[in-house]
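Q: The primary structure of each chain is shown beneath.
2 protein chains.
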Amino acid sequence: MTDVFVVGTDMIRFGRFPTRTVPDLGAEAALLALADAGLSIKSVQAVYCGSFGEAGSMIGQRVLREIGQIAVPVVNCSNACATGATAFREAWMAIKAGAYDIVLALGVEQMGKGMLVSPGAGPIPTEGLLGSDTLPSLFAHVGMEHSRKYGTTFEQFAKVSVKNHHHSTMNPKAMYQIETPLEDVMGAEMISYPNTKLMCSVNVDGSAAAVLCSEKKARELGLMSRAVRVRASALSSDPYGSRNAAMPDFNAVTRIAADGAYDGAGLGPEAIDLVELHDCFATAEIVHYENLRLCGDGEGGRMIDEGTTSLGGRIPVNVSGGLLSKGHPLGATGIANICEIATHLRGEAGRRQVEGARIGMTHVAGHVVDMGSACAVHILEKV
Amino acid sequence: MTDVFVVGTDMIRFGRFPTRTVPDLGAEAALLALADAGLSIKSVQAVYCGSFGEAGSMIGQRVLREIGQIAVPVVNCSNACATGATAFREAWMAIKAGAYDIVLALGVEQMGKGMLVSPGAGPIPTEGLLGSDTLPSLFAHVGMEHSRKYGTTFEQFAKVSVKNHHHSTMNPKAMYQIETPLEDVMGAEMISYPNTKLMCSVNVDGSAAAVLCSEKKARELGLMSRAVRVRASALSSDPYGSRNAAMPDFNAVTRIAADGAYDGAGLGPEAIDLVELHDCFATAEIVHYENLRLCGDGEGGRMIDEGTTSLGGRIPVNVSGGLLSKGHPLGATGIANICEIATHLRGEAGRRQVEGARIGMTHVAGHVVDMGSACAVHILEKV
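Protein chains in written order, with the numbering used here: chain V, 13 to 395; chain R, 13 to 395.
It is worth saying that the hints were derived from the structure and are not from the lab. Values in this document were obtained by computation on a predicted structure and should not be read as measured data. Be careful, since some hints might not be right.
Said to hold, decoys possible - When the alpha-carbon atoms are kept at most 20 angstroms apart in a straight line, the in silico SDA-like pairs for lysine to any residue are as follows: (1) V:K229 - R:M13; (2) R:K54 - V:A264; (3) R:K209 - R:D196.
Turn these sequences into a full structure, and let the hints steer you where they fit.
A: In structure tokens:
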């Protein structure tokens, strides 16, 4: 079974582009990633495209209409916030299966003024209208539960956002590139305690792409010098639950995927040099430190206090700025994470470079209230 | 690289179920296929789910909520009328990649009163409102073009529908199980010449599922006696075209996928014993005889006149009743085709059994006007 490598990857600067089309946004990232690999669309043997909002409208084919229709297999994937990572994983799988040597994985989303419920999802249940099972309230609950069990403070949660906004000042692809001092974060409009408005991910449009390649072809094309190995890919869904449970088990879904990725890679958390994880809310980042086994249960708050996950710390997390500041265009996020990690493993991250990074992890976790969850974890390795 | 086998497959009787939910419809087919394999949901290591209308609403996870949440990877696929076949193909790919031994592929659709444009597709273009680029008018054009080039007659097109309706009288899973004499077909309401209402596929709800298994695991579990080998899988998209072309090249998309499948299987059309092809309109079946190389160009009309594609003929086509009479629930159709072919290869098709069937082909072709195409061809083989 061949190893699979990322030989090109890039993303657009996340932002708000109400006058552009979704295929146009997707095409830009695809062309950037192909240029990064030094390949043309004509080399691509299959396309996996992820878009949550455009899941049912042939988005992969529409992107190809922009950049060159090449008759290749196009698979449109959808998995809530794990949509882009799922497309990436299926592209990896297709090369593992020996079906292709060069595959394009693409994620794109136009969030516009908000997309809380996906098309086809039907009417919002009463609980949604009352706000008791919206994602902001559920991730507030996740934080409060952590506070109750481990004494994690509002300030510790807020520091996550300060850190990620600071990181994003060094990322030209991030939506926001400004410092947000602790008092600003804590003093911002309260959305659902303990998450203020500056502790919620940013609703942006965006796209990201990666060109995946078999080992043989990457060597043949002379692409190994900047290649990044996909060392493991894991995907999980809800482990159990009643049909009427409004609240998914956010922790279990991530733990299952993380354990799968560690098993697949044959290594443990101590080997990971940097992580891009799903900070959809500041509270989520703290609990995911623990769910991804970056620290023991209850130690998440201390990780933030001690700067362990800041750039320069032992294991920098969300050096890109994360969903909190780089932005979170659902279908694009999973591949943007891959792009960020690959950039560090190549030593091309400029001012935000994690020095000596050899192994990185990406994590996305999608939860649609009253529907289901998907969590994807990938481990990438410098060649 | 392991061979991949279908070790269980089934479908619900297609029909109209306005009071049921999509997850409920999907769960029924999944449980039927698992029962056919003699396995429980707990054996399943990954789920690939196809639904075009529910592409963006975690349909795979919602089906698992009905039958047992098992934390496994769930991938939701979408590809117009090739949606179910794409889910099947990705399940096949996952086993080929060595990632899993037992994978469930599922297709489900609730068409309701009609779903001409998918969610997220945006406003219908002017041409659509005028009717000049709706699928009925485009497939009328396909027929007229065939008539112009080869002299194919209205009666020949109509005979396709007579044949498929006759076949469906022997299929307890078909929506309609009644004979439709030639005069009824030709005398029915004209939708878009030469296709009358009885020459258009039936808008129904439905679901179908297949359990795929690696060779090693199938032998270990004693499942080989009723197993069917997936000998080839091919998927294509639009080969070329301008952004403003309303009409996709229906023929080229299918020819590319068919050639890919023949190449993959290492055999030619003469080896195929029966076919389930995409008779979304009666005109489509005639042109697809040629696109799938079942006959030479221009010979499609003669195939119908001579009964070559009727049950008992040299190469029976759409013995299930096809989309014209069994019905066409978009996301389910691709896997229902697999189910039909597998049933014949196992010798379990009862009154409609194609005697001595050893190799069968399935074909679905999805075209969304002004968006793009997807065509999937699979070749299955008796063990």
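Q: Against each hint, give a clear statement of whether it holds in the structure.
A: A quick look at each hint next to the structure:
no., hint, result
1, V:K229 - R:M13, "holds (18 angstroms)"
2, R:K54 - V:A264, "holds (18 angstroms)"
3, R:K209 - R:D196, "holds (10 angstroms)"
Violated hints: none; the structure is consistent with every hint.
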